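Chains as they are written, first to last, in the working numbering: chain P, 229 to 460; chain D, 229 to 460.
Hints in this document: simulated from the structure, not taken from any laboratory.
Check the hints yourself; a few may be wrong.
[To be verified] Below, a sample of chain P positions facing chain D; criterion: calculated Cβ distance under 7 Å: (1) 242; (2) 279; (3) 307; (4) 384.
From a predicted model like this one, the values you see are computed outputs, not experimental measurements.
We put the beta carbon where it would ideally sit given N, CA and C, even for glycine.
2 protein chains.
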Amino acid sequence: MAGRSREKYKMNPYKVIEIKRSVFENNDREAGLLRKDLKDKKIFLLNLMSSPGAGKTTMLKALIKELRGDLRIGVMEADIDSVVDARTIAATGTRVIQLHTGGMCHLDAGMTKQGIEEFGTEGLDLVILENVGNLVCPAEFDTGAVKNVMILSVPEGDDKPLKYPLMFTVSDVLLISKIDVLPYFDFNIETCKERTRKLNHNIKIISICARTGEGVGEFADWLRNEVKEWKK
Amino acid sequence: MAGRSREKYKMNPYKVIEIKRSVFENNDREAGLLRKDLKDKKIFLLNLMSSPGAGKTTMLKALIKELRGDLRIGVMEADIDSVVDARTIAATGTRVIQLHTGGMCHLDAGMTKQGIEEFGTEGLDLVILENVGNLVCPAEFDTGAVKNVMILSVPEGDDKPLKYPLMFTVSDVLLISKIDVLPYFDFNIETCKERTRKLNHNIKIISICARTGEGVGEFADWLRNEVKEWKK
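Generate coordinates for the entire structure from the input sequences, incorporating the hints supplied.
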């Protein structure tokens, strides 16, 4: 599969990396080491997680627009297959790499480190890792990121904190996305916030619409500030 | 966690089972044995998979309505936590059990067997297993089901067959759900079908709207026929 993928995508203007399963037994230790290395290099790594189709890539496009000029951004797109997301991000002129996980449902710290090394992060302030679309497994692995952000889209329903509690527990920010379609779905934002805060009292919650840009500025402000603090 | 869950849910009109991790090394063998046992008992097991929030439970409610009177149905709801879905199905008067996976992101054949044994399938024609909401891991494990059905909802996007190919490859039926919101999303049904058929030439694809009932009759017809063949 690895060979075929490389062949298939070799004409693209971004690297496609076939990530190998991590050999490290102690993921937390590896994650800590990676975070320390990033701190030394003054690079902020953000881990972005959600279900498939919650709008990670669309939000990223809007976020990049907000932050352009302030931060030098790189994006690592993790997927089981395809280069759909890398292509979308490359079209914004942003440095991007596509990571293929070889069927794996999440990234751990060792896999993230492989991606970072292949990517080459020189000259970047912020690297955003778009994790595999999955509300379960990515929550279980510290990638070495400085902060975790999750997206829950309105069409998925406001019961998700009840069913997938770990993801809501490990995230520093919850972005409630696709709020432009609220009229067409049974989704109560207040109920969702309440259920989330029961799991994670300190989580920051922002309602966003990547299409209209609503809420993206507030998220960009938060991120700009976090990166500034990290680089001190 | 197990103890707390049982305590929390003990007043509910359905069993809540904490499923244990499977001890079997050879999942395919276990799946084959379970399927043979179900064949002997003339019980049809359907494995229903999708991303979180694609509408598995809502579709099930509509399906149960269609099949009531023809088939004796039982539902096994698998989730990491909560009894939200079991409560919804119980309200339809259908026999239901809630399986808690203890954080696991999928069910394998051993776990499914535990559920079946705790459920007690006497007098049932059809048991529907609503798998954990996840477009990655459940595709990798044969549960012992006779057929696999997946749901992809319109808000998730028509690029999902490219990114999560295995799920589309192992499914016998793809239900494209929430087609009532097609006007509000960039989703091309023909593109989605084409991408799916490239992975799986024989897959049956039905567009459905559980709210209006559109397409649910066609799916019910398919299922009624499959159950009849299985019981021969």
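Residue hint residue 384 of chain P, partner chain D, criterion CB-CB below 7 Å: Holds, about 3 Å.
Should the interface hint for residue 279 of chain P be scored as holding, given a Cβ-Cβ cut-off of 7 Å against chain D? holds, 5 Å
Does residue 242 of chain P hold up as a contact with chain D if the rule is Cβ-Cβ below 7 Å? violated, 16 Å
How about residue 307 of chain P: closest beta carbon in chain D under 7 Å, or not? holds, 5 Å
Hint compliance for this structure: hint 1 is the single one not met.
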